[in-house]
Amino acid sequence: MNSAYLESFLEMLTAERGASKNTLQAYQADLYDFGSYLFQNHKEELESASKENIQAYFEWMGKEGKSARTAARRLSCLRQFYRFLVKEGNRQDDPSYLLQNPYLPQTLPKYLTELEVGLLLDACDLLEDYRRGLVAKAALEILYSSGLRISELLKLRKDQIQSDIKILRIYGKGGKERLIPVSDSAINAAIDLKKNDHYLQSIFLFPGRNPLKNLTRQGFDKILYQVALQADIDPQRVSPHVLRHSFATHLLAHGADLRSLQMMLGHEDISTTQIYTHVQTEHLQKTVLNHHPLSCEIKKKCD
1 MNSAYLESFL
11 EMLTAERGAS
21 KNTLQAYQAD
31 LYDFGSYLFQ
41 NHKEELESAS
51 KENIQAYFEW
61 MGKEGKSART
71 AARRLSCLRQ
81 FYRFLVKEGN
91 RQDDPSYLLQ
101 NPYLPQTLPK
111 YLTELEVGLL
121 LDACDLLEDY
131 RRGLVAKAAL
141 EILYSSGLRI
151 SELLKLRKDQ
161 IQSDIKILRI
171 YGKGGKERLI
181 PVSDSAINAA
191 IDLKKNDHYL
201 QSIFLFPGRN
211 PLKNLTRQGF
221 DKILYQVALQ
231 ADIDPQRVSP
241 HVLRHSFATH
251 LLAHGADLRS
261 LQMMLGHEDI
271 STTQIYTHVQ
281 TEHLQKTVLN
291 HHPLSCEIKK
301 KCD
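32 is the number that UniProt numbering gives to position 32 of the sequence shown; each next residue is one higher, with no gaps.
Since the hints were made in silico from the structure, they are not lab data.
Given the structure is predicted, the values throughout are model-derived calculations rather than measurements.
Among the hints, erroneous ones may be present.
Only pairs whose alpha carbons sit at most 20 Å apart, straight line, appear in this in silico EDC-like list of lysine to aspartate or glutamate [claimed, not checked]: (1) K195 to D184; (2) K21 to E177; (3) K155 to E177; (4) K195 to D164; (5) K176 to E11; (6) K194 to D125; (7) K173 to E16; (8) K66 to D33; (9) K87 to E45; (10) K87 to E7; (11) K43 to D30.
Computed spacing ranges between beta-carbons, pair by pair [unchecked claim]: (12) S48 to R157: 43 to 51 Å; (13) Y171 to Q80: 19 to 27 Å; (14) S76 to E52: 13 to 21 Å; (15) Q160 to Q80: 28 to 36 Å.
Virtual Cβ for every residue (Gly too), placed ideally from N, Cα, C.
Work out the full structure: start from the sequences and follow the hints.
So this is what it looks like as structure tokens:
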């Protein structure tokens with residue numbers, strides 16, 4: 001594998017698209033996986049792969065039990081890599097051009113009820129470790145109030161939180177800026193955390209053990225696990241992404257329009273946001289089935 005091509009590709013993702021460290025690592029891992037397969041099975045280099053090589057790779061992944069979602073992600077990675085090579089003049093053709101996307105069954109986002117979110121917020125006040133409770137309360141209030149991605153939450157700086165400004169300026173995927181209104185309770189919880197700050201030298205609202213760095217995703221997951229247990233909710237049902245889904249689902253249920261929701265979530269394509277309308281449709285169907293008199297009569301007869 002010519003590492004120079006790979007390094008140039010990753011540099012482009014950083015410079016032109018503002019790709020995060022996690023995104024770069026994922027692309028690198030996917031390309032290394034395909035490159036290793038190519039060399040071991042076809043004695044080909046990554047930059048010279050053919051359409052047939054790529055097809056054989058995806059057939060091999062299927063036999064290895066890789067999911068359709070993994071296959072779709074890797075195909076997207078390969079497409080971007082070969083388009084880059086063509087654009088830079090390092091290939092004449094794109095071997096991934098005519099390949100079809102794997103079929104991905106649409107799964108509806110998992111979310112918590114409004115009552116369950118309330119229980120989680122109340123549970124933050126009951127944690128034995130007082131400061132951990134403050135961290136949990138501020139984080140959950142902000143997540144549920146704004147729909148931030150976990151990476152965006154953990155990178156929040158102290159100076160982004162002001163009592164008289166209830167808007168967060170967020171730089172999301174690709175470094176794109178968006179302004180998100182947040183609730184009074186979220187701002188107040190964040191200010192309470194700042195008042196009890198043990199890491200004055202840190203710029204982060206949620207500092208890690210090393211105050212010069214923010215709290216890690218793994219560190220936050222441990223806190224969230226404790227909160228879920230305290231709230232008597234299965235920890236497997238609670239994650240930062242589930243809270244993001246809950247924010248979107250509840251906002252839509254209370255009359256928010258899709259365009260506003262798209263802006264707050266930072267979705268490039270509104271079709272990504274539209275999946276929450278399917279969640280609402282499913283909820284309405286269950287409501288009718290459970291409460292409509294004819295449905296109730298049918299249930300009684302079946303019982």
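Checked hints:
no., hint, verdict
1, K195 to D184, "holds (16 Å)"
2, K21 to E177, "holds (18 Å)"
3, K155 to E177, "holds (14 Å)"
4, K195 to D164, "holds (16 Å)"
5, K176 to E11, "holds (18 Å)"
6, K194 to D125, "holds (16 Å)"
7, K173 to E16, "holds (12 Å)"
8, K66 to D33, "holds (13 Å)"
9, K87 to E45, "holds (19 Å)"
10, K87 to E7, "holds (15 Å)"
11, K43 to D30, "holds (18 Å)"
12, S48 to R157: 43 to 51 Å, "holds (46 Å)"
13, Y171 to Q80: 19 to 27 Å, "holds (22 Å)"
14, S76 to E52: 13 to 21 Å, "holds (20 Å)"
15, Q160 to Q80: 28 to 36 Å, "holds (32 Å)"
Violated hints are absent here; each numbered hint is respected by the structure.
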